[in-house]
Amino acid sequence: MANLKFEIKGANKLLRELAGSSAIVNKWVKRAMHVNVLDVKKLSMQNTPVDTGNLRASARSRVWQNLPKTLGEVWYNANYAVYVHEKTWTRLRSGRHKFLEHALYISQPKIKRTYVNALNSAFKEAFK
Amino acid sequence: MKDPAYDIATMLVQKKMGVLGEDLFATGDVPPKPDFLTFLNVTGSAAPDDARYAFSYAIVQIVVRGNIGGYVQCMEKMYSIHNYVHGITNRTVNDTRYAFIYNVSGPINLEMDETMRPLMAATYRTFRQIPPYNFMSGSADDVSSTIGTLGS
Numbered sequence: 001m002a003n004l005k006f007e008i009k010g011a012n013k014l015l016r017e018l019a020g021s022s023a024i025v026n027k028w029v030k031r032a033m034h035v036n037v038l039d040v041k042k043l044s045m046q047n048t049p050v051d052t053g054n055l056r057a058s059a060r061s062r063v064w065q066n067l068p069k070t071l072g073e074v075w076y077n078a079n080y081a082v083y084v085h086e087k088t089w090t091r092l093r094s095g096r097h098k099f100l101e102h103a104l105y106i107s108q109p110k111i112k113r114t115y116v117n118a119l120n121s122a123f124k125e126a127f128k
Numbered sequence: 129m130k131d132p133a134y135d136i137a138t139m140l141v142q143k144k145m146g147v148l149g150e151d152l153f154a155t156g157d158v159p160p161k162p163d164f165l166t167f168l169n170v171t172g173s174a175a176p177d178d179a180r181y182a183f184s185y186a187i188v189q190i191v192v193r194g195n196i197g198g199y200v201q202c203m204e205k206m207y208s209i210h211n212y213v214h215g216i217t218n219r220t221v222n223d224t225r226y227a228f229i230y231n232v233s234g235p236i237n238l239e240m241d242e243t244m245r246p247l248m249a250a251t252y253r254t255f256r257q258i259p260p261y262n263f264m265s266g267s268a269d270d271v272s273s274t275i276g277t278l279g280s
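Those sequence lines, one after another, are chains A and B. For the first sequence, position 115 matches number 115 in the numbering used here, and the numbering has no gaps at all. For the second sequence, position 149 matches number 277 in the numbering used here, and the numbering has no gaps at all.
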């Protein structure tokens, strides 16, 4: 039986570099999270039902890191937001129900793409 | 393929959690009577990630409305449905296979409707297998003929 041995030249160096580049990766992931959070917020605001404009104006977002996790949040401050969001059987004059959830689902392909681009940028910066 | 709301309603009927047309509705419309009922709405859907996986991701909202002053009963019903629906794996209903169903929001209390009946809602995402288009071996003509067959 043939005995094959493989060796990847520079593998140990690559692993050392990766371990040292976590700050760079975190920085780029945080940037990507900012882009995604603002994108979801923008899409949800476009679909928010408008009467006086209070609900749409109450959209908020934030991004923070609790390493190794990077977290993003989009929410609506208006105290009646949940009723507009969830009461799908009521009539609306504009916008749609589930405006926030819908924005998250339709932006998923873009979210994935943003993270891939961010990781590419991080590796380019780490190994330049 | 049928409406995802109808499929989940069928699962609830099989589990004896309601009778379709009496206290369980999957039409997206809410009848004024009876007070104590469950209804399901399809509230959105996400496109398949990749045609090869052959899954679509329909989102279904389940709402329970209680009798006047029957908040506890309404909550218990909502949680019994939630405990059953959340985490369903590999179920075939009405010739459609559901690989996975999981909870994305709720159960939340939507307070009272205009006639003081309590409302609770929860939303579920489904991994629903769509008919197998044979992309790997077929040509573009095969795909268009398959879609034509489904559409006719």
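Derived by calculation from the structure, the hints in this document are not laboratory data. Some hints could be false.
[Unchecked claim] In silico DSS-like cross-links for lysine-lysine, where the CA-CA straight-line distance does not exceed 25 Å:
hint: 1; chain 1: B; residue 1: K161; chain 2: B; residue 2: K144
hint: 2; chain 1: A; residue 1: K42; chain 2: A; residue 2: K30
hint: 3; chain 1: A; residue 1: K27; chain 2: B; residue 2: K144
hint: 4; chain 1: A; residue 1: K27; chain 2: A; residue 2: K112
hint: 5; chain 1: A; residue 1: K9; chain 2: A; residue 2: K112
hint: 6; chain 1: A; residue 1: K124; chain 2: B; residue 2: K144
Hints, verified against the model:
1. The straight-line distance between the Cα atoms of K161 of chain B and K144 of chain B is roughly 20 Å, inside the 25 Å bound, and the hint therefore holds.
2. Proximity of K42 of chain A to K30 of chain A is assessed by CA-CA distance (about 18 Å); at most 25 Å being required, the pair is judged to hold.
3. For the hint linking K27 of chain A to K144 of chain B, the alpha-carbon distance of about 52 Å lies beyond 25 Å, and the restraint is violated.
4. For the proposed pair K27 of chain A and K112 of chain A, the alpha carbon gap of about 17 Å is at most 25 Å, so the pair holds.
5. Of the supplied pair hints, the one linking K9 of chain A and K112 of chain A is violated, its CA atoms being roughly 31 Å apart against a limit of 25 Å.
6. For the hint linking K124 of chain A to K144 of chain B, the alpha-carbon distance of about 58 Å lies beyond 25 Å, and the restraint is violated.
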